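Colleague: One-letter residues, chain by chain:
Number of protein chains: 2
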Amino acid sequence: MSDRNIKLTIEYDGTHYHGWQIQRNAATIQGFIQNALTKITQTETQIVGAGRTDTGVHASGQVANFHTHAQMSPAALQKAVNALLPSDIVIIGAAEVSPDFHARFSASSRTYRYTILNRVYPSAFLRNRAYFLPRPTINVDSANAVCRALIGNHDCSSFQRTGGGRANPVCDIYESRCWKEEDLVHFEIEADAFLRGMVRAIAGTILKLHDAASPVDQFRKILEARDRSAAGASAPAYGLCLTRVKYDL
Amino acid sequence: MSDRNIKLTIEYDGTHYHGWQIQRNAATIQGFIQNALTKITQTETQIVGAGRTDTGVHASGQVANFHTHAQMSPAALQKAVNALLPSDIVIIGAAEVSPDFHARFSASSRTYRYTILNRVYPSAFLRNRAYFLPRPTINVDSANAVCRALIGNHDCSSFQRTGGGRANPVCDIYESRCWKEEDLVHFEIEADAFLRGMVRAIAGTILKLHDAASPVDQFRKILEARDRSAAGASAPAYGLCLTRVKYDL
Numbered sequence: 001m002s003d004r005n006i007k008l009t010i011e012y013d014g015t016h017y018h019g020w021q022i023q024r025n026a027a028t029i030q031g032f033i034q035n036a037l038t039k040i041t042q043t044e045t046q047i048v049g050a051g052r053t054d055t056g057v058h059a060s061g062q063v064a065n066f067h068t069h070a071q072m073s074p075a076a077l078q079k080a081v082n083a084l085l086p087s088d089i090v091i092i093g094a095a096e097v098s099p100d101f102h103a104r105f106s107a108s109s110r111t112y113r114y115t116i117l118n119r120v121y122p123s124a125f126l127r128n129r130a131y132f133l134p135r136p137t138i139n140v141d142s143a144n145a146v147c148r149a150l151i152g153n154h155d156c157s158s159f160q161r162t163g164g165g166r167a168n169p170v171c172d173i174y175e176s177r178c179w180k181e182e183d184l185v186h187f188e189i190e191a192d193a194f195l196r197g198m199v200r201a202i203a204g205t206i207l208k209l210h211d212a213a214s215p216v217d218q219f220r221k222i223l224e225a226r227d228r229s230a231a232g233a234s235a236p237a238y239g240l241c242l243t244r245v246k247y248d249l
Numbered sequence: 001m002s003d004r005n006i007k008l009t010i011e012y013d014g015t016h017y018h019g020w021q022i023q024r025n026a027a028t029i030q031g032f033i034q035n036a037l038t039k040i041t042q043t044e045t046q047i048v049g050a051g052r053t054d055t056g057v058h059a060s061g062q063v064a065n066f067h068t069h070a071q072m073s074p075a076a077l078q079k080a081v082n083a084l085l086p087s088d089i090v091i092i093g094a095a096e097v098s099p100d101f102h103a104r105f106s107a108s109s110r111t112y113r114y115t116i117l118n119r120v121y122p123s124a125f126l127r128n129r130a131y132f133l134p135r136p137t138i139n140v141d142s143a144n145a146v147c148r149a150l151i152g153n154h155d156c157s158s159f160q161r162t163g164g165g166r167a168n169p170v171c172d173i174y175e176s177r178c179w180k181e182e183d184l185v186h187f188e189i190e191a192d193a194f195l196r197g198m199v200r201a202i203a204g205t206i207l208k209l210h211d212a213a214s215p216v217d218q219f220r221k222i223l224e225a226r227d228r229s230a231a232g233a234s235a236p237a238y239g240l241c242l243t244r245v246k247y248d249l
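So the protein sequences, as listed, match chains A and B.
Under this note's numbering, read the first sequence as residues 1 to 249, first letter to last.
Under this note's numbering, read the second sequence as residues 1 to 249, first letter to last.
Next comes chain A alone, as it looks inside the complex:
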């Protein structure tokens, strides 16, 4: 039997999980999916995810891959895994890919969305998915101008979680914008890579600056400081969602 490489696209409500990455004695997304695959393929199976989302963070388009000798079709595998997973983790796509596809290293970009509910009363349905910020009312034009200033190649150390040191703190930010949709304000950032805690630190900083004088200039200074203490506090995890991972393959 030949070894096959299967790509999974995954949606999850991260509310009740200790993040993506498998940990001993903690409920994690990776852990539940690996357990289901191990049962179905009857072989200890490990998966690689494109992005390591933190506790409480969601995904609508996480990608993972695994190698298996199992001969099921991707559609049958998807159905079988979904039947074993808790209802807040769902495989939304499965496909056989080339042997060298690697969910993490082959990715050309990741997109994260941060969502804020910006009105005076909360939402029963979005309670775990949008950061409830009754005030101030966000100046979306100003927040979007700050977002645009982030596009390009930058050392993002100012937005890296303390202790989250990555060898290379330079990120290539392809797209960054802010827009309003009724009472929701969304920030979306697409980049080749993200440092730990980066989107939440950027969201917190944009919120801090959104109504300041010269917010774009202030944001550039924070970026150039390469110092986490120069930026704003992190926005809460529950407003964050990994929406898409792109591959050139």
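If you are wondering where the hints come from, they were derived from the structure by calculation, not from laboratory data.
The structure presented is a predicted model; accordingly, all values stated were derived computationally and were not measured.
A portion of the hints provided could be inaccurate.
Simulated pairs of lysine to any residue, SDA-like, Cα-Cα distance not exceeding 20 Å [what the hints assert, rightly or not]: (1) A:K79 / B:F132; (2) A:K246 / A:D172; (3) B:K79 / A:F125; (4) A:K79 / B:L126; (5) A:K79 / B:L133; (6) B:K180 / B:A145; (7) A:K79 / B:L117; (8) B:K79 / A:P134; (9) B:K39 / B:I22; (10) A:K79 / B:R135; (11) B:K79 / A:L126; (12) A:K79 / B:P136; (13) B:K79 / A:D183; (14) B:K79 / A:R135; (15) B:K246 / B:G61; (16) B:K79 / A:R119; (17) B:K79 / A:A124; (18) B:K79 / B:R4; (19) A:K79 / B:R127; (20) B:K79 / A:P136; (21) B:K79 / A:Y121.
Starting from the structure of chain A, add chain B where the hints point.
Modeller: For chain B alone, coordinates are given in the frame of chain A:
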């Protein structure tokens, strides 16, 4: 101090509740709201709801009212109640209304929406809000034709829960339609009144008939039978939501 009449508009995720109506030793929406109001007004307070939603049923526009001597502004009251409520129940509007306003008896219509996720894999985010029906693929044109046949004045006994006997089983159905929105199929019905279990029985019947020969004729026969056993099985509670209550006042 004069007695004031306050109208509340309420959104809730019904997943973890035994329905709207207060019951001893069970978590209910009415129970939580009354407890919060009793604490805030420091007087035993009872509320009247426009519609009694069942266990697991949601609302995005339930309406209730209560009489109080408390002198807080409606906005201050809304904020105080929301601070005491669990996060899956939210007061989305509060207003002082005329003394004779009664959430139930003054209502001129109620609108319920039934939502089905009609694709091969479930949704992590809509897991408690849309009935997951992987197959068959619903014929929306046919389902909508059946919905249109429901408009008008009808004895709806065929869609009344056994034992849910209401003195008058005649409902005036103002609007009834079915439409598709990506992988979701929605049914929406607006009527002066609903019998117990009516929308779920209608949704189940439409699903049973959606691809039948002459579905509209068959639906008319079921309606004319005035017998619950003539109709289809009830669709599950978690796909149902009370979206709006209208008042002529």
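Colleague: Are the hints correct? Go through all of them and say.
Modeller: Hints, verified against the model:
1. Proximity of A:K79 to B:F132 is assessed by CA-CA distance (about 13 Å); at most 20 Å being required, the pair is judged to hold.
2. A distance of roughly 14 Å separates the Cα atoms of A:K246 and A:D172; the hinted pair therefore holds under the 20 Å criterion.
3. A distance of roughly 18 Å separates the Cα atoms of B:K79 and A:F125; the hinted pair therefore holds under the 20 Å criterion.
4. A hinted pair counts as satisfied when its Cα atoms are at most 20 Å apart, and A:K79 with B:L126 qualifies at roughly 18 Å.
5. Between A:K79 and B:L133 the CA atoms are separated by roughly 13 Å; this keeps the pair inside 20 Å, and the hint holds.
6. Annotation: proposed proximity of B:K180 to B:A145 holds, straight-line Cα distance about 14 Å (limit 20 Å).
7. Between A:K79 and B:L117, the direct Cα distance comes to roughly 16 Å. Compliance with the 20 Å bound is thereby established for this hinted pair.
8. The suggested pairing of B:K79 with A:P134 holds, with an alpha-carbon distance near 11 Å, which does not exceed 20 Å.
9. Restraint check for B:K39 and B:I22: satisfied, since their Cα atoms lie roughly 17 Å apart, inside the 20 Å limit.
10. Distance check on the hinted pair: A:K79 and B:R135 sit about 13 Å apart at the alpha-carbon level, within 20 Å; holds.
11. Pair hint B:K79 plus A:L126 holds up; C-alpha atoms about 18 Å apart against a cutoff of 20 Å.
12. At most 20 Å may separate the alpha-carbon atoms for a hinted pair to count; A:K79 and B:P136 meet this at roughly 16 Å.
13. In summary, the hint linking B:K79 to A:D183 is supported, as the alpha carbons are separated by about 17 Å, within the 20 Å threshold.
14. Taken as a hint, the B:K79 and A:R135 pair is honoured in the structure, with Cα atoms around 13 Å apart against an allowance of 20 Å.
15. Using a Cα cut-off of 20 Å, the hinted pair B:K246 and B:G61 holds, with the two alpha carbons roughly 10 Å apart.
16. With a C-alpha separation of about 12 Å, the suggested pairing of B:K79 with A:R119 holds against the 20 Å cut-off.
17. As the CA atoms of B:K79 and A:A124 are separated by approximately 14 Å, the hinted pair is consistent with the 20 Å bound.
18. Distance check on the hinted pair: B:K79 and B:R4 sit about 18 Å apart at the alpha-carbon level, within 20 Å; holds.
19. For the given pair, A:K79 sits about 16 Å from B:R127 by alpha-carbon distance, which is consistent with the 20 Å threshold.
20. Between the alpha carbons of B:K79 and A:P136 the distance comes to roughly 16 Å, so the proposed pair stays at or under 20 Å and holds.
21. The straight-line distance between the Cα atoms of B:K79 and A:Y121 is roughly 7 Å, inside the 20 Å bound, and the hint therefore holds.
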